[in-house]
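Using the sequences and the hints, build the whole thing.
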Amino acid sequence: MLTPNRREDHRETWAGKKKAIQSLTLKVHAYTFCHTQFIENKDLPQALYEKARRATIDHRVSVPETLSDAFQSHGVSGIFIDPESIIISSSKHLRISPRRGTALHHTHLRDDVFETIATSLAEGVGVSTTARIQGVDKKTVLLVLNRAAAHAAKINHRLLRNLVVSECQLDEMWSFIGKKEKNLDFIEKLGGVLGDAWIWIAFDAVNKVFLATVVGKRTEAYAVALLEKVKRVTSSMPSLFSSDQLNQYTSALLQVYGKKALPARKPGPGRPPKPRLVPP
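The opening position of the sequence shown corresponds to residue 6 in this note's numbering, with each subsequent residue numbered one higher.
It cannot be assumed that every hint is accurate.
[What the hints assert, rightly or not] Result set (DMTMM-like, lysine to aspartate or glutamate): computed pairs, CA atoms no more than 25 Å apart in a straight line: (1) K264 to E233; (2) K213 to E177; (3) K222 to D190; (4) K143 to E120; (5) K213 to D176; (6) K159 to E120; (7) K236 to E177; (8) K234 to D249; (9) K144 to D201; (10) K264 to E172; (11) K159 to D117; (12) K184 to D142; (13) K222 to D201; (14) K144 to E128; (15) K236 to E225; (16) K213 to E128; (17) K184 to E128; (18) K185 to D201; (19) K222 to D176; (20) K159 to D116; (21) K234 to E177; (22) K234 to D176; (23) K143 to D201; (24) K213 to E233; (25) K213 to E172; (26) K222 to E186; (27) K143 to E128.
[Stated by the list, open to error] The calculated label-pair distances, taken between Cβ atoms and stated as ranges, are: (28) G140 to P285: 53 to 59 Å; (29) G140 to G183: 25 to 31 Å; (30) I206 to P272: 45 to 51 Å; (31) V132 to E172: 30 to 36 Å; (32) P274 to S247: 42 to 48 Å; (33) V211 to P278: 36 to 42 Å; (34) P285 to L168: 17 to 23 Å; (35) S244 to I206: 15 to 21 Å; (36) K271 to L164: 47 to 53 Å.
Hints are computed from structural coordinates only; laboratory data are not their basis. Idealized CB from N, CA, C, for every residue including glycine.
If you want it as structure tokens, here you go:
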């Protein structure tokens, strides 16, 4: 059995041992007990093991019942399990949460609550209405919306690759950010953020898959951004594009999928013609 060592060096290191034992987790494989004979009572790993065994007996450390029985049956007569093979650090930096890598990481919400809020938002229920139904704060709903949207974007970026699309439908859905365009003052209009916003949508009509979405004004730049996303997730140019005949799509399709061609030069003096974009 362990007996206190009266030497001065033992007194100086005892505080460190006492502090170290509080941050240890015990791990034992019942079928691979490695026994060693007790040699010196000043051996730090063996002393730590003995204190951990006593803590288990006193129910101060939560361990499975099978491991608790193993601890209580060893170490009493000077022969016990090798402490170096069973004592590991329980630092919080080494513990990996099962939520890591998911939308629920650092949300402090139950899985069912997070899922219900996200489902309500996906079905078109408003933020304020969802908050009242679920009995949570509006900021909590916005947090779920942000986390779920970011995680869905990561999944789409990983899964939507090299798609074969035969028909791509292009459409826009009107909405607004903050307030409607007619209610903006002069300064807010100059900012270009608030007011009317359009959700540009590219949809695979055959496989029923949303290929890309862009939120912005109804200008050619956002039409080009939408088609560039479509080009990035498809293996080749879709065979057919259908839209509501918005003028911006014609020039946007040429910019994204068009090929440069050099027109024939007319006879006579003058500068040579510049390359032009033509349909593929």
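Evaluation of the provided hints:
no.	hint	in the structure
1	K264 to E233	holds (15 Å)
2	K213 to E177	holds (17 Å)
3	K222 to D190	holds (18 Å)
4	K143 to E120	holds (16 Å)
5	K213 to D176	holds (14 Å)
6	K159 to E120	holds (18 Å)
7	K236 to E177	holds (18 Å)
8	K234 to D249	holds (19 Å)
9	K144 to D201	holds (24 Å)
10	K264 to E172	holds (21 Å)
11	K159 to D117	holds (22 Å)
12	K184 to D142	holds (22 Å)
13	K222 to D201	holds (7 Å)
14	K144 to E128	holds (19 Å)
15	K236 to E225	holds (16 Å)
16	K213 to E128	holds (17 Å)
17	K184 to E128	holds (22 Å)
18	K185 to D201	holds (6 Å)
19	K222 to D176	holds (13 Å)
20	K159 to D116	holds (20 Å)
21	K234 to E177	holds (15 Å)
22	K234 to D176	holds (14 Å)
23	K143 to D201	holds (23 Å)
24	K213 to E233	holds (20 Å)
25	K213 to E172	holds (10 Å)
26	K222 to E186	holds (11 Å)
27	K143 to E128	holds (17 Å)
28	G140 to P285: 53 to 59 Å	holds (55 Å)
29	G140 to G183: 25 to 31 Å	holds (27 Å)
30	I206 to P272: 45 to 51 Å	holds (49 Å)
31	V132 to E172: 30 to 36 Å	holds (34 Å)
32	P274 to S247: 42 to 48 Å	holds (46 Å)
33	V211 to P278: 36 to 42 Å	holds (40 Å)
34	P285 to L168: 17 to 23 Å	holds (18 Å)
35	S244 to I206: 15 to 21 Å	holds (19 Å)
36	K271 to L164: 47 to 53 Å	holds (51 Å)
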